[in-house]
Structure formats: C-alpha cells, structure tokens
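**Q** Taken in order, these protein sequences are the chains called A and B.
Quick note: the first sequence uses the UniProt record's numbering, first residue 1, plus one each step.
Quick note: the second sequence uses the UniProt record's numbering, first residue 1, plus one each step.
There may be inaccurate statements among the hints.
No distinction is drawn between identical chains; accordingly, a pair holds when it is met within one copy or between any pair of copies.
Said to hold, decoys possible - In silico DSSO-like cross-links for lysine-lysine, where the CA-CA straight-line distance does not exceed 27 angstroms:
| hint | residue 1 | residue 2 |
| --- | --- | --- |
| 1 | Lys7 | Lys307 |
| 2 | Lys96 | Lys120 |
| 3 | Lys259 | Lys332 |
| 4 | Lys136 | Lys257 |
| 5 | Lys301 | Lys331 |
| 6 | Lys96 | Lys115 |
| 7 | Lys307 | Lys62 |
| 8 | Lys347 | Lys96 |
| 9 | Lys96 | Lys137 |
| 10 | Lys259 | Lys62 |
| 11 | Lys62 | Lys96 |
| 12 | Lys147 | Lys96 |
| 13 | Lys29 | Lys250 |
| 14 | Lys62 | Lys344 |
| 15 | Lys115 | Lys147 |
These aren't lab readings, by the way, just hints derived from the structure by calculation.
None of the values given here were measured: they were computed from a predicted structure.
Protein chains: 2
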Amino acid sequence: MRLSDFKVEQWMNDYENDAIYNMTDTCVKSLTLQELLDLEDFDFSNLILDYGQITGDVELKKEILSLYASGTIDNITTAQGCLQANELVMNTLLEKGDEVICVVPGYQQFVDIPKSIGCKVRLIELDEYDWQVGVKKFREMLNTSIKMIILNNPSNPTGTEYSNGFLNELIEVCKPYGTYILCDEVYRGLNQEVSISDIYENGISTSSLSKVFSLAGLRLGWIKANEDVIHQINVRRDYSMISTGPLVDKLGWIALKHKDELILRAKNIISTNKNIVREWLKENPRFECVLPSGGTVCFLKYGFDLKSETFAKLLLAEKGVFFVPGSCFDKKYYFRLGLAQDSKLFKAGLNELSNFVDEHLIS
Amino acid sequence: MRLSDFKVEQWMNDYENDAIYNMTDTCVKSLTLQELLDLEDFDFSNLILDYGQITGDVELKKEILSLYASGTIDNITTAQGCLQANELVMNTLLEKGDEVICVVPGYQQFVDIPKSIGCKVRLIELDEYDWQVGVKKFREMLNTSIKMIILNNPSNPTGTEYSNGFLNELIEVCKPYGTYILCDEVYRGLNQEVSISDIYENGISTSSLSKVFSLAGLRLGWIKANEDVIHQINVRRDYSMISTGPLVDKLGWIALKHKDELILRAKNIISTNKNIVREWLKENPRFECVLPSGGTVCFLKYGFDLKSETFAKLLLAEKGVFFVPGSCFDKKYYFRLGLAQDSKLFKAGLNELSNFVDEHLIS
Numbered sequence: 001m002r003l004s005d006f007k008v009e010q011w012m013n014d015y016e017n018d019a020i021y022n023m024t025d026t027c028v029k030s031l032t033l034q035e036l037l038d039l040e041d042f043d044f045s046n047l048i049l050d051y052g053q054i055t056g057d058v059e060l061k062k063e064i065l066s067l068y069a070s071g072t073i074d075n076i077t078t079a080q081g082c083l084q085a086n087e088l089v090m091n092t093l094l095e096k097g098d099e100v101i102c103v104v105p106g107y108q109q110f111v112d113i114p115k116s117i118g119c120k121v122r123l124i125e126l127d128e129y130d131w132q133v134g135v136k137k138f139r140e141m142l143n144t145s146i147k148m149i150i151l152n153n154p155s156n157p158t159g160t161e162y163s164n165g166f167l168n169e170l171i172e173v174c175k176p177y178g179t180y181i182l183c184d185e186v187y188r189g190l191n192q193e194v195s196i197s198d199i200y201e202n203g204i205s206t207s208s209l210s211k212v213f214s215l216a217g218l219r220l221g222w223i224k225a226n227e228d229v230i231h232q233i234n235v236r237r238d239y240s241m242i243s244t245g246p247l248v249d250k251l252g253w254i255a256l257k258h259k260d261e262l263i264l265r266a267k268n269i270i271s272t273n274k275n276i277v278r279e280w281l282k283e284n285p286r287f288e289c290v291l292p293s294g295g296t297v298c299f300l301k302y303g304f305d306l307k308s309e310t311f312a313k314l315l316l317a318e319k320g321v322f323f324v325p326g327s328c329f330d331k332k333y334y335f336r337l338g339l340a341q342d343s344k345l346f347k348a349g350l351n352e353l354s355n356f357v358d359e360h361l362i363s
Numbered sequence: 001m002r003l004s005d006f007k008v009e010q011w012m013n014d015y016e017n018d019a020i021y022n023m024t025d026t027c028v029k030s031l032t033l034q035e036l037l038d039l040e041d042f043d044f045s046n047l048i049l050d051y052g053q054i055t056g057d058v059e060l061k062k063e064i065l066s067l068y069a070s071g072t073i074d075n076i077t078t079a080q081g082c083l084q085a086n087e088l089v090m091n092t093l094l095e096k097g098d099e100v101i102c103v104v105p106g107y108q109q110f111v112d113i114p115k116s117i118g119c120k121v122r123l124i125e126l127d128e129y130d131w132q133v134g135v136k137k138f139r140e141m142l143n144t145s146i147k148m149i150i151l152n153n154p155s156n157p158t159g160t161e162y163s164n165g166f167l168n169e170l171i172e173v174c175k176p177y178g179t180y181i182l183c184d185e186v187y188r189g190l191n192q193e194v195s196i197s198d199i200y201e202n203g204i205s206t207s208s209l210s211k212v213f214s215l216a217g218l219r220l221g222w223i224k225a226n227e228d229v230i231h232q233i234n235v236r237r238d239y240s241m242i243s244t245g246p247l248v249d250k251l252g253w254i255a256l257k258h259k260d261e262l263i264l265r266a267k268n269i270i271s272t273n274k275n276i277v278r279e280w281l282k283e284n285p286r287f288e289c290v291l292p293s294g295g296t297v298c299f300l301k302y303g304f305d306l307k308s309e310t311f312a313k314l315l316l317a318e319k320g321v322f323f324v325p326g327s328c329f330d331k332k333y334y335f336r337l338g339l340a341q342d343s344k345l346f347k348a349g350l351n352e353l354s355n356f357v358d359e360h361l362i363s
C-alpha cells in the first residue's frame with residue numbers, strides 16, 4: 001500500500017505558506033465562517049455533537065440532490081471532501097488485477113490509488129492543442145478487463161470540459177462492458193455541466209463544497225451513484241469515517257441552500273480573472289493558455305527553457321508569486337494557473353510574473 | 001479490497017435510532033455546540049474556511065501533545081476520527097504478505113483492514129475470566145513476518161486495560177523484531193493509562209475527541225508516533241483527506257484546552273453508572289460483568305440460551321432498550337454495555353432489561 005509523494009499536494013504543503021500571490025489555488029476565494037452563517041438564520045446552540053446521521057443529514061442530502069437532474073437521496077452518501085469520496089469509490093469497487101483508464105495530465109490520486117490496490121492503469125493523453133480527446137482512444141482500449149474509467153470534469157489542471165456529445169458516445173462504448181465511469185465533478189457548477197450520474201447507470205459522480213462553493217474548510221464531499229454502488233460504499237465507509245458529523249452537515253446544508261448566491265459569487269470572480277488573463281496574454285507573448293469554459297483552473301504554457309520547478313521556486317523566492325509547476329503533472333513548460341482568487345491580488349501576481357520575466361530572460 | 005459488513009457499526013446504523021434507552025453507546029454523553037463554545041471565549045467570525053494547516057493547527061497539536069508524556073508536535077498528525085487514524089496507519093505501514101496479531105474479542109476494523117490489504121491476521125483470545133492475556137501468547141507467535149501488533153487500550157468491547165507491566169514486557173519481546181505496536185487509545189484518559197507512544201519507539205498511538213471527550217460530532221482524531229512514521233503517514237494522507245479543516249481544529253483546540261473539565265465530567269458520569277450496574281447485578285444474578293478500571297464500555301454476560309441477536313431485537317422492540325449483541329464480536333451470551341450515558345436513562349434502561357427478563361424467562 002506504499003504510495004509515492006502526491007506531487008501537487010506536497011508542493012502546496014511545502015511552499016504555499018510563503019506566497020504573497022497564490023496564483024495556483026483551485027478553490028474559489030474561501031468564505032469566512034461569519035459569511036457562511038450570515039446566509040441563513042439558524043440556531044446552532046442546541047446542536048448535539050454526536051455522530052449525527054451516519055450517511056449524511058437528510059436535509060443536506062436533499063440539497064445535494066438539487067445539484068443533479070435525477071435520483072433520490074438514496075443515491076447519495078457523504079464523505080470528508082471529494083478526495084475521500086474518490087478514495088472510497090476506488091477502494092470499494094476496484095480489486096487487484098482490475099484495469100482502469102485514466103487521462104493525463106490529470107490528478108495523481110486517480111492513477112496512484114488504483115496502482116496501490118494492484119490495478120493496471122492505462123493512460124490516455126489529452127491533445128495539447130485544446131486539452132480534449134476523442135472517444136476513439138477509449139474504444140480502442142476498452143475490453144472486459146477495464147473495470148473503471150476515471151475522468152475529472154471540468155479537470156484539474158487543464159480545465160478540460162467533456163462535451164455532452166463526448167460523454168454520450170463514451171457511455172455507448174462502456175455499456176456493453178458495464179464499465180464504471182467515475183467522474184470527479186468537484187469543479188462542476190459554473191457552466192451547467194452535465195453530471196455522469198444523471199446520464200449513465202454505472203456513472204459515479206463525486207464532488208464537494210471545496211472548490212466552486214468556496215468552503216474547503218468544511219471538508220464536506222459526497223458521492224452520487226446507483227443504489228447498489230452507494231450500498232457497497234456505505235459498507236466500506238464504516239471502516240473509514242462513520243459520518244461527517246452534524247455540525248459540518250448543517251453548515252453544508254446552509255451553503256447548498258444558498259448555492260445560487262455562492263455560484264454567482266464564484267462566476268463573478270472567475271469571469272473577472274479570465275478577462276485579466278486575456279489582457280495579460282496580449283502583453284506577454286511568451287505565454288499561452290487554453291482558457292476553459294468551466295472549472296477554476298487552467299494550464300499556463302511558457303515559451304522558454306527553464307525547468308518548471310526551478311522557475312516556480314525562483315519566482316516564489318523573488319516575487320512571492322506561487323505556482324504549482326507542470327512537473328507535478330509530468331508536463332514541461334507549464335504552470336497551473338488558478339482563476340479563482342481575489343482579483344486584485346491575481347492581477348498584481350501576473351504583473352510580478354511579467355516583471356520577473358523582464359528582469360531575468362533575454363527578450 | 002471488498003470488505004464484509006462492519007457488524008457492530010451496521011447494527012448501530014440499523015437499530016440505534018429506534019432506541020429509548022441506548023445502553024451500548026461508547027461515547028460519553030455528547031456535548032452540545034453551545035456547551036463547547038461556553039468553555040472558551042474565542043471569536044470565530046473571521047475564521048477563513050480554507051484547508052487550514054494541512055497536518056493540523058499548531059495550537060491544536062500542542063494541546064494534543066499535552067495528553068502524552070513525551071515527544072514534540074512533529075510526532076503528531078491529525079485525522080478525521082480515530083477510525084481514519086487507524087486506517088491511515090494500517091494503509092501506510094502494512095503491505096500484502098505482512099502478518100499482524102490482533103486480540104479478540106475486539107474491534108473488527110483491526111482484523112478486516114489488514115485482511116483487505118492482503119495481510120495474514122493471527123488472533124489471540126483474551127481470557128474470559130478477566131479479559132486479560134499473558135505476553136507468553138505473543139512471544140510464541142512473534143517472528144520476523146509479524147509487522148504489527150494491534151491493541152485497543154482500554155478496549156472495546158471488553159474494557160481490558162493492559163498494565164504497564166504487560167506493555168513493558170511486550171515491548172521487550174517486540175524490540176528485536178522492530179515490530180510496530182499500534183495501540184488505539186481512543187478510550188484512554190479516565191484512568192491515567194500509559195500511552196504506547198511514550199514508552200516504545202515503534203509504538204503508534206491513535207485517539208480522538210469522540211469517546212472520553214464527548215465530541216464525536218467533530219470527527220477529530222490524531223496519530224502520535226516516531227517522526228519517520230508520521231512522515232510516511234503524511235505522504236499517504238494527501239491521498240485521503242488533505243486536512244481536518246480550520247473550524248474543527250479550533251473547536252478541538254478549545255476542547256483540549258479544557259480537557260480537565262471534560263475528563264472530570266466523563267469520570268463522574270461513568271462512576272455513577274458503574275455504581276448503578278453494581279447494584280443492579282446484585283439483584284439480577286442471571287447477569288455478570290467484569291467492570292473495567294478505565295474506558296467507557298464492558299461486556300455484560302447473561303446466563304440463558306437466547307441468541308444475542310434475537311435477545312437484542314426483542315428487547316429493543318418491546319422495551320426500547322438498545323444493546324449491541326455479542327454476535328457482532330463473535331461471542332455468545334454477551335451484550336456490549338456502555339457506561340457513559342445519561343445516568344437516569346441508564347438506570348431506567350437496566351430496570352427495563354430486568355422487567356423483560358421477568359416477563360419472558362422461566363425463573
């Protein structure tokens with residue numbers, strides 16, 4: 001069960017605290033507790049801090065369900081963040097000898113947890129031109145040994161959004177084999193993206209309050225899937241977490257009751273920041289970027305030969321500008337650019353990046 | 001990775017909500033949020049709900065450290081409950097082919113997680129007379145293949161407290177092999193029990209706020225171990241949880257800053273309930289029980305031939321008295337009796353148990 005360093009998380013753990021301009025965070029600018037409590041008049045004083053409802057507060061699960069087009073609350077169980085939701089799905093459904101398909105560049109958890117279980121992981125590369133991929137590559141790889149395809153929609157770090165056409169075509173390919181499609185949809189919500197759990201019986205959606213809802217500090221995630229899968233996960237869950245607890249469940253219920261306000265806030269921040277990037281790219285021809293339709297991140301490409309780790313470390317030390325280097329996703333010439341931070345700091349950080357380039361590189 | 005039903009947790013999930021008298025809960029009567037907040041004047045309003053400090057708030061870790069006799073905060077990392085702490089330790093240190101020793105009757109997680117990893121699990125039975133065991137049985141079993149011994153001190157469901165003499169002798173046996181001793185110490189704190197992490201380099205202590213601190217709803221646990229083990233666990237942790245979040249960390253810090261008050265409250269409840277049991281046993285000779293020195297639970301034995309599941313279901317349906325049956329721990333003739341509930345309800349529940357026996361069994 002030994003796992004290697006989770007490169008992007010380790011990088012964040014090691015360097016994030018030194019940042020003046022965090023240009024790489026995937027979470028929309030976090031709310032304070034007071035901002036959350038101000039959304040709803042609710043009396044917490046008599047809340048009993050026992051385990052609460054084991055698979056999640058019923059009122060919370062109703063609000064989670066409202067994010068989807070189908071199902072009942074029996075299609076939902078809660079977890080501590082989307083990360084644990086993903087781990088629970090993989091630990092429950094995958095066994096040694098199974099094969100899975102992952103897409104790269106992507107999130108390391110999807111590759112390394114299956115490997116730690118003893119699965120064979122087959123990789124499909126996104127097209128660097130637009131960070132998309134055709135179903136053809138999946139069709140060629142699919143056979144009865146493939147237990148699960150793992151996607152991230154929209155994705156970290158590329159911002160890829162899989163179209164409805166792509167997903168429907170992929171489902172048709174998977175159906176004869178009953179292949180699970182696990183779709184980490186933690187960046188979903190800004191662009192009316194379809195959920196895999198609404199269009200495919202063996203589609204499993206995971207998400208949380210951390211990214212577009214600006215509440216990573218609650219550590220509240222969930223899984224939506226067919227009832228058989230949810231039952232199996234609930235059995236596994238008793239060995240890992242018991243419950244998410246009544247306090248977090250109630251705070252999560254408030255957040256999702258006011259999802260429209262939170263989503264609007266996130267959209268405004270990201271839209272402003274996207275415009276800042278567009279303008280900045282015009283002035284900085286050494287950089288290019290596929291600006292995504294949804295999600296909170298993209299992959300900023302640079303046109304010179306500094307290794308991404310060296311570049312990121314120098315930039316942080318000298319200007320306080322913090323990026324996760326492409327090397328954390330096994331890609332050269334890239335930084336992960338988060339679009340969800342405070343817009344003033346975001347603009348200032350990009351300017352400092354320009355200054356750094358002017359000062360150190362031959363034009 | 002398929003795991004069977006976690007019997008005791010499933011039983012609680014299925015039946016607990018129907019109880020009038022919950023006689024089997026392992027947590028000391030839970031605090032309300034207001035009772036917790038009343039302990040300390042702290043302004044939460046500006047708390048930012050981001051991931052917070054990844055391996056746990058430094059002030060929280062200092063308070064956790066105060067529960068132990070040795071170490072620094074670098075010997076500590078946090079988890080979401082003691083259950084996840086245990087899972088992280090086992091998932092990090094155990095690999096397919098390793099052997100572990102577990103003690104029965106005990107907590108199913110310790111047996112089934114290692115099995116799911118592909119470990120061979122060797123069982124040692126506690127002596128039913130006093131729920132103790134000699135080191136001899138471990139010495140006979142120990143060899144280079146045994147990677148870890150897993151104990152629960154004090155234990156669920158038997159209330160076993162391992163003496164300092166036993167632990168020191170066991171450590172001497174383990175040292176030549178470098179065998180890890182994972183000790184789930186979630187019931188520690190009521191009786192000045194020694195921590196394995198204070199007396200053995202390869203001793204790993206796990207605990208949480210759920211049991212003696214009456215705050216299961218915070219889902220806050222931790223691990224104390226040598227720095228190398230903590231480093232390895234922190235690497236694994238990035239795939240499972242990221243952090244416990246700043247809100248829970250601050251609330252946990254308040255609880256532990258006032259640990260003496262919370263422990264005193266727990267001791268008073270349990271001491272009252274133990275006296276109630278002692279009196280009740282005198283009047284009910286069909287029952288017997290080894291009353292434990294620490295912890296919150298014991299194993300109540302009954303002297304008639306009803307299967308424990310049948311007995312528990314009938315008792316719940318007819319009297320609203322809820323027990324976890326011994327069958328959940330693979331033992332006949334037993335109920336798990338929790339000593340930590342509201343004393344009035346506790347006494348009334350035992351009286352209802354007497355009434356049930358009077359009404360249904362031939363004297």
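**Q** Could you run down the list of hints and mark each one as holding or not?
**A** Status of the hints after comparison with the structure:
Only within a single protomer do Lys7 and Lys307 lie at most 27 angstroms apart by alpha-carbon distance; the minimum there is 16 angstroms, versus 53 angstroms between protomers. For a Cα distance limit of 27 angstroms, the shortest separation of Lys96 from Lys120 qualifies both inside one copy, at 8 angstroms, and across copies, at 17 angstroms. In this assembly of identical chains, the alpha carbons of Lys259 and Lys332 never lie at most 27 angstroms apart, being 37 angstroms within a copy and 51 angstroms across copies at closest. Proximity of Lys136 to Lys257 under the C-alpha cut-off of 27 angstroms is found in neither arrangement, the shortest distances being 40 angstroms within a copy and 59 angstroms between copies.
Taking the shortest Cα distances, Lys301 and Lys331 sit within 27 angstroms of each other inside one copy (10 angstroms), while across copies they are farther apart (63 angstroms). Both within a single protomer and between protomers do Lys96 and Lys115 lie at most 27 angstroms apart by alpha-carbon distance, with minima of 9 angstroms and 13 angstroms respectively. For the homomeric pair Lys307 and Lys62, neither the shortest alpha-carbon distance inside one copy (48 angstroms) nor that between copies (39 angstroms) is at most 27 angstroms. For the homomeric pair Lys347 and Lys96, neither the shortest alpha-carbon distance inside one copy (47 angstroms) nor that between copies (50 angstroms) is at most 27 angstroms.
In the homo-oligomer, the alpha carbons of Lys96 and Lys137 lie at most 27 angstroms apart inside one protomer (24 angstroms), although the nearest pairing across protomers, at 34 angstroms, exceeds that limit. For the identical chains of this complex, Lys259 and Lys62 are intra-copy neighbours only, at 13 angstroms inside a copy versus 37 angstroms across copies, given an alpha-carbon limit of 27 angstroms. For the homomeric pair Lys62 and Lys96, neither the shortest alpha-carbon distance inside one copy (35 angstroms) nor that between copies (41 angstroms) is at most 27 angstroms. Taking CA atoms no more than 27 angstroms apart as the test, Lys147 paired with Lys96 passes in both settings, with 11 angstroms inside one copy and 22 angstroms between copies.
In this assembly of identical chains, the alpha carbons of Lys29 and Lys250 lie at most 27 angstroms apart whether taken from the same copy (21 angstroms) or from different copies (20 angstroms). Taking the closest pair of Cα atoms, Lys62 and Lys344 never come within 27 angstroms of each other, the shortest separation being 37 angstroms inside a single copy and 36 angstroms across copies. Proximity of Lys115 to Lys147 under the C-alpha cut-off of 27 angstroms is found in both arrangements, the shortest distances being 13 angstroms within a copy and 22 angstroms between copies.
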